[in-house]
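Engineer: Residue strings, one per chain:
Protein chains: 2
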Amino acid sequence: MREQQIRQLDAWWRAANYLSVGQIYLRDNPLLRRELAVDDVKPRLLGHFGTVPGLNLIYAHANRLIRERDLSALYIAGPGHGGPGMVANAWLDGTYTERYPAVTRDLTGMTRLFRQFSAPGGIPSHAAPETPGSIHEGGELGYSLSHAYGAAFDNPDLTVFCVVGDGEAETGPLATGWHGNKFLNPVSDGAVLPILHLNGWKIANPALLARIPEEELVNLMRGYGHDPIIVSFEATDAAEDVHRRFGDALETALDRIAAIQRTARDGAAADRPVWPMLVLRSPKGWTGPVEVDGLPVEGTWRAHQVPLPSARDSEEHLRQLEDWLRSYRPDELFDDSGAPLPDTVALAPGGDHRMSATPHANGGLLRQDLDLPDFHGFAVEVESPGAADAQATAVLGRYLAEVIRRNPRTFRLFGPDETASNRLAPAVYEATDKQWNAQILDLDEHLARAGRVMEVLSEHQCQGWLEGYLLTGRHGLFNSYEAFIHIVDSMFNQHAKWLEASAQVPWRASIASLNYLLSSHVWRQDHNGFTHQDPGFLDLVVNKSSDIVRVYLPFDANTLLSTYDHCLRSVDYVNVVVAGKQDSPQWMTMDEAILHCSRGLGTLPWAGTESDGEEPDVVLAAAGDVPTEEMLAATAILRERAPEIATRVINVVDLMRLQSEDAHPHGLSDADFDGLFTTDRPIIFAFHGYPWLIHRLTYKRNNHANLHVRGYKEKGTTTTPFDMVLLNDLDRFQLVIDVLDRVPGAGERHATLRQELHDWRIEARAYTREHGEDEPAIADWRWPE
Amino acid sequence: MREQQIRQLDAWWRAANYLSVGQIYLRDNPLLRRELAVDDVKPRLLGHFGTVPGLNLIYAHANRLIRERDLSALYIAGPGHGGPGMVANAWLDGTYTERYPAVTRDLTGMTRLFRQFSAPGGIPSHAAPETPGSIHEGGELGYSLSHAYGAAFDNPDLTVFCVVGDGEAETGPLATGWHGNKFLNPVSDGAVLPILHLNGWKIANPALLARIPEEELVNLMRGYGHDPIIVSFEATDAAEDVHRRFGDALETALDRIAAIQRTARDGAAADRPVWPMLVLRSPKGWTGPVEVDGLPVEGTWRAHQVPLPSARDSEEHLRQLEDWLRSYRPDELFDDSGAPLPDTVALAPGGDHRMSATPHANGGLLRQDLDLPDFHGFAVEVESPGAADAQATAVLGRYLAEVIRRNPRTFRLFGPDETASNRLAPAVYEATDKQWNAQILDLDEHLARAGRVMEVLSEHQCQGWLEGYLLTGRHGLFNSYEAFIHIVDSMFNQHAKWLEASAQVPWRASIASLNYLLSSHVWRQDHNGFTHQDPGFLDLVVNKSSDIVRVYLPFDANTLLSTYDHCLRSVDYVNVVVAGKQDSPQWMTMDEAILHCSRGLGTLPWAGTESDGEEPDVVLAAAGDVPTEEMLAATAILRERAPEIATRVINVVDLMRLQSEDAHPHGLSDADFDGLFTTDRPIIFAFHGYPWLIHRLTYKRNNHANLHVRGYKEKGTTTTPFDMVLLNDLDRFQLVIDVLDRVPGAGERHATLRQELHDWRIEARAYTREHGEDEPAIADWRWPE
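Going line by line, the protein sequences match chains Y and F.
So the number in this note's numbering is just where the residue sits in the first sequence, counting from 1, plus 12.
So the number in this note's numbering is just where the residue sits in the second sequence, counting from 1, plus 12.
FYI, nobody ran anything at the bench for these hints, they're computed from the structure.
Mixed in with the good hints, there may be bad ones.
Put simply, identical chains are the same to the list, so a pair is met inside one copy or across any two.
Distance condition first, Cα-Cα at most 25 Å in a straight line; then the derived PhoX-like pairs of lysine-lysine [said to hold, decoys possible]: (1) Lys712 - Lys725; (2) Lys727 - Lys712; (3) Lys712 - Lys194; (4) Lys194 - Lys725; (5) Lys727 - Lys194.
Note that the structure is a prediction, hence the values are computed from the model and not measured.
Given only the sequences and the hints, what does the whole structure look like? Please build it.
Structural biologist: Written as C-alpha cells, this is what we have:
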C-alpha cells in the first residue's frame, strides 16, 4: 500500500470515528471550534460506541478495495449497535445528504446529524431502515450471515462484507449461519466475506470466541468450511501499522475470493471451495478513553455504550470528552465550512458503488415483478362442491414449478427439509433442483450445485436467507410446518418492524412481500402428535401493524392458487398462508375461488338453507380447510335432519376481513359485517386456530355477544384426523349440537338428533381407540345428497 | 471386551431393534410364533425407524459401561423420532413394566407395547413425558445439548450420554449448544458426552455434517472445544466388529472423562479441559431392508419413517417385513412366555442405575423445596403511595442474592448477558459469580470457574439449560429483555406441552416451575427503540393450557418480591413475570403488597373517589408498572380537576384473574368480577401489553361492552419514556380524556379540562422533539396532593 493510501485510510477512519462520537455526545459546537461546554453535550447520552471503531475501519478499507477493483459491494453490520458508525460513513461518502437533504455536508448538517441521533423524532441508535446502505436491522442479533447469504444468492457480481459481532456469534442462528457457504454457488451467486469482529466483550461479559485459544478458533472456522485470516490489534498499535496489516489481510481475502470465482466460472472446479474469512481482533471502544475515573475503559465491557457517562455532570469527564474528540484531529479532516476535506474522502467510491448507496441495500429499486403464469391452468376441476378430492399444496406445487421456470434468477423456495413433506414436490423438482454445495452422492435426488430450492434444517436460516433475498430485490416463499414456524417468531417480529419503519422512509422502494406457506398443520399431525400441534403463529402475526400483515386460510386447492397468485404480486407485506397437504374435498371452481378470494369471505349458498329476504336462524362460519369441511358436513346433517332451521354458511379466507375497518385496511365495514353475520342471530364459527383469535378480531362487532367459536383448544396427541377434531369439539357432530343448543323451539325431534349425535361422538372415540383408525361410517355423515 | 460381552451387547441390540420394528408394524403375533399375516400388521403405519438402530446401539453399550463403572447416567435422545427405541430399551430393562404394569414382560405385554405405539389413546411416536428415562421431548429439534448441560450442572456424579441427531445438528440452537462445555465445571458439575449420530439423511435431504470432509468435521469439533473420536460403520460390517469398535470408542471416551474429572477434582487443573465427544457414522435404517421395490432403502432417506410402507397391501412387502423381523432372531432373545432371556438383558444395570429408571429423568423425585428467606426483610419502605422511588428488579436482586446464599447447589440464574443490565446486579454478585470456564483475565469481574449465574448471549441456551436443570429436579430463573424472549417462543411452547402432558403421567413427580423475569420492557427502551419493543410474549403464553401458565405484572418492588416468592415455591407452572428496572414510584407497603398479590387484583381505595355503597361513575384499571403510574397520575388530575366524578381504581397483578373461572383456575367468578368492574359503568384499562389481550381475556364478562383498553399499539421509536406513552395514547392526559369522553353530564368545566389536556399532549410531544427530553413539568401532573 502506498503511504498516501494509508494517510487517506486513516483520515477516513478518524473522520468516521469523530462523527460517531459526535452523534453520541454533541448537540452543538460540532467541530470544537471553541472549547467544549456543558451545554454542547446532549442531555441524554444514548448510543453504543464499543463496536464502532472496528466497523469504521472495515468500512474505510472496503472503500479502498471497491475503488481499486471496481467491486459492487454491500456492507452488513452484524453488531447493530454500531448505528452511529454506519451513519457516519454514509455522511462521509455523500449518500446521507442525498437521502436527507437537510443533513448537509457542512457545520449545520453536522449539527443536525449529531442532534438527530438517538433523539426523539430523530433516528434510531442502531442500523435501521433509516440508515442508507443497510438491509440489516441492528436490534435483535444473530442474523447477519443469513442476510448476507440471502443477498449474495443470484448476485454473482456482488461482494458482501459481513461483519459478525462477537456477541452475536454466540447466538444459535449465527452459529449455524456459517454453514451458508455450503449453499452458495461460486458461479451463479456472489461472495460473502465474513469478518468476525472480536472486540472481546458484550454488555457485561467477555465474548466467548474471544476467550478460546486461537488454535480452537482457527479450527472452528476451518470446521465451518472457511480459511481464516487473523488480524489482531492492540490499543497501542500505531495507526500506520493497523492500516497496513488490515489492508493486506483484506486484499488477501479478496484475492482468494476472486481466484475461487475465476476457477469456478472457468468451469475448472467442481468441489466446494474453501472461502476465506477474516478475524479482526481489536479493543472494544478502540481509540476511546483508556481510563475513566481510574477504571480501564478502552478494551473492556465499560466501553460498550457511552464510555464517559457523566460528560454533562463532571468537569473532568467533559474535558476528557474534549480530549477524546480532539484526538481525531478534526481540523485536519474537515474544512472551515465543516465539509470533509478531499483527502478525508479520497477513498470513497462513486455513485452506486458507495456501499451506502448501493441499490442492493434498497432492493426495491432492483425488484422486477415476477412473470407469473395464469393460474387457471392449474385449477382443480370441481363439478360440484365436494365432488373432487385434491391435495392443495401439491396443486400449488405445480403452479410454483411454472413460476420457477419463468423466473429462473429472481425466485427461490426456502424450507427446512419439508418441501417434499409439504407436497410441493415432486412438481417443483421437475422444474429445478435443491442447491447444495456440499458433497453429492449418486444416491441423491434433485441435489445440484445450482437450483431454486434451498433446504436446510434451520428455520432461522430459511427465514434469514429469504429476508436477505427479498431485501435485495428478489422474490420468494418460505414453507414450513405450522407448529415450528414459532422458531422464527422473533425474526418475523423484526422483519415486520423493518417493513413498518421502511414505509416511513421515503427513499426506500417497495420490496416483495415475505410469503409463508404453513402446511402440515395442527389438524393433520397423525404421525407426530402434540408437539407438532400449534396454530398460534397467527396470534403473534396479528400483533404487528395492520399495514404489514395479511393472513389467509384458503380452504381448498383453487382458493390456495388464487391466494398465492395475489401474494406473489404483493409488496411490503408479510403474507401468512395456512394450507392443507392431505387429500381433501374441493369446494370451488376456479372462477368461484377467484371471486371468493377477492372478497376475502362470503356465503356458500349451496350449503345454507335460508330463504331470500329473511334472516337465517343461525350463521355458520368457518375458516380453514378442516374446519370448513367439518362445518359443511354439519350443514349436510342439518339439511337432512333439521331442514326447518334456516342456515347461512360463510367461509372466511382473508382473516383480516373480520376486523373493523379502522383496525385493518381489509376490515369489513360494520354494515357489511352486520349484513353477513346479522346483528342478533347466533353465529357458530369453526376456526383453524385458537378460538379466542376470532373473538379478538371481532370484539367490536355488533353481534359479538352471539358469537360462539370452536377451534384448537390445545388438546392433542398422536391420533387420527377425526379424533383430533373430536378432542377439540370442532367435529361436525358437535357443530350440529352447537346449533341445536342455540336455535330455540326445536322440539322432540331435535332432542333426539342431539342425543344421537352425542352418542355418535362417544362411539367414534371408542372406535378409534379400539381400532386405531376412524370409524369408516363417519364418511356417511358428509354432505349426504 | 470379552466374547460373552459382545454376544450380550448384540443380543440387547437385536432385541431393542426387534421391539422397535414391532412397535411400528405389529398389532398381533408379536414374536412371530406363526407366519406373519396381513391382519398382524397395523392399519396405520406410523413412526420413524431411520435413527433407531443407532440409538439402540448406544444404549446397549452405555449399559455395559454403567455396570462396569457403577455410573449414574442419563440418556438424551436428540433424534426424538427415535421414540420406539427409547421405549424398547425401557421395556427390556424392566422399567417400562414398573411404570406401566399392564405392559408386562411377556407376550401379552409385548402385544400391548406394540399396539399402543403411535396409536390413538396410546403413546406418542417420539420420546415424550410418557417415556421412562426421558427429559427430552422428541418433537422440535435443537435442544439436546442444552438440556444435557442443564442436567449436568451441579450433578458431579452424573454422566449424560447426549445423542445429537445430524438433522438437529443443523439448527441454530444446537450449533451453539456445543459451547456448553465452556460453562461446565469439571469439579462441581457432571459430564456430558455428546455423540453426534451421523446417519446421513434427514426427511428428504442429506445431513450437512455428513457431507463435509472428515477433516472439516474434526476441525469443527475441535473448534467447539472437543476431542472427537470417530467410529464409522457400513451396513455390511459384522456385528462383532461393530460392537468391538464402538465399545472401545465409548470406553476411551469415558476414560478421558474420568481422567479430566480426577485431575480437576484433585485440584491439579485450572485450564478448561478438552472433553471427548463421539462421532458415530452409521447407515440410516441400519439392519432394515436394504432395498424395497428395487430402490435402496437402508442407508438412504427412504428409511426415515416406515421403510416398508405397504406391508399391509403388498404380499411382497409383508414377506420382506417378516424376513426383516426374523433377521433379529427373536427366538434366541425371548423365552416361550415372551420375556427376554437372561443373556438378552444381562448387561442391564440394576435399579436406579438403569437409564430408564434414573431419578434424574424424573427430577421431581429429587426436587427439594428451596430454602427461601423471609422477603419482608427486602421490602421497600413506603410511607404513603408514591412517596418512595425504587428499582423493582434491583430490590429483587437483593432477595435473589439471599436465595442463592441459602441454596448453593440447587438454584441458578440464567440470562443472555443481561443480569446486570436488568439490575439484578450488583446484588447477586455479592453472593456469587458467573460460571465461566473459558479464559479469565485480570480485568474480568465476577467471573469464576463456579458460580450460580449463567450468562451466554443465546436465549436458546439459557432456556435449554434451565429446562434441563429443572427437569432434573432443581430450581431457577431466566431473566431477559422482554422483546427478545420471543426468541424462545417455540421452546416455551414445547416445555409447556411437556408440563401439560406430564401432568397426565402418574409416575412423573412435580418439578419446579419455569420462571421468567422479563425486564427492560417495552415502555423503557430509550436506548434501543422500536426493535426492542414487543410485549407480545404474553399473548403467546396464554395460548397454552391454563393448568400450566401464570402471568404476573407486579407494579412496584414490594409486589414483585411477593410475586417472586410465590413463583419460587410453585411447581409445574410456567410463571411469566414482567417488571421494571428503572427508578419508579412505589405504591404498597409489604403487607399491602402481600394481600394484593394473594388476591391477584384489587382496588386502590386511596386513589379512587367513589363513596361507600354507591357505584362509581367509572372504573379505572391498570396492569403493569408504567400503565399503573400513568393511571394513578390520571386519578390525581381527576381528583383535583374533576372531583365530582366518582372513580374506582383497580390494579391487576395476576393477569389470569381477568379470565372466567371456567377458563383458568385463577379466574374470578362472574359475581366477583361484576362486583369489582360493575356491570354497566365504563372501564378504562391501562395495560402493559397489546390492548386486545385484555379484550380476549374478558370477552365473556358482563361489562365487556363498556371496556376501553389502552396499551402498546406497535408505535415506537428511540424516544423518552413519557413520549412512548404519549405515542401509544397510554399517557395520564389521554386517560383523563378517556374518562371525560365516557362520563356524561360534565359541562363546560370538563370541556375546558379536556382541551387543556389535549393541548398539553401536543406541547409535551413538541417539547420532547425540541429538547430531547421530557418537559420537566410533567412531574407536576403526578399525584398532586
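Engineer: I want to check one pair: Lys194 and Lys725. Are their C-alpha atoms no more than 25 Å apart within a copy, between two copies, both, or neither?
Structural biologist: Classified as neither: same-chain Cα gap 41 Å, cross-chain 41 Å, threshold 25 Å.
Engineer: With 25 Å as the alpha-carbon cut-off, assign the pair Lys727 and Lys194 to within, between, both or neither.
Structural biologist: The answer is neither: 40 Å in one copy and 40 Å across copies each exceed 25 Å.
Engineer: Checking Lys712 and Lys194: alpha-carbon separation at most 25 Å within a copy, between copies, both or neither?
Structural biologist: neither (51 Å within a copy, 53 Å between copies)
Engineer: From the Cα coordinates, with 25 Å as the cut-off, is the pair Lys712 and Lys725 best called within, between, both, or neither?
Structural biologist: Answer is both: 23 Å inside a copy and 17 Å across each meet the 25 Å cutoff.
Engineer: Is it within, between, both, or neither for Lys727 and Lys712, if the alpha carbons may be no more than 25 Å apart?
Structural biologist: between (28 Å within a copy, 21 Å between copies)
Going down the numbered hints, you'll see the structure goes against 3, 4, 5, while the others check out.
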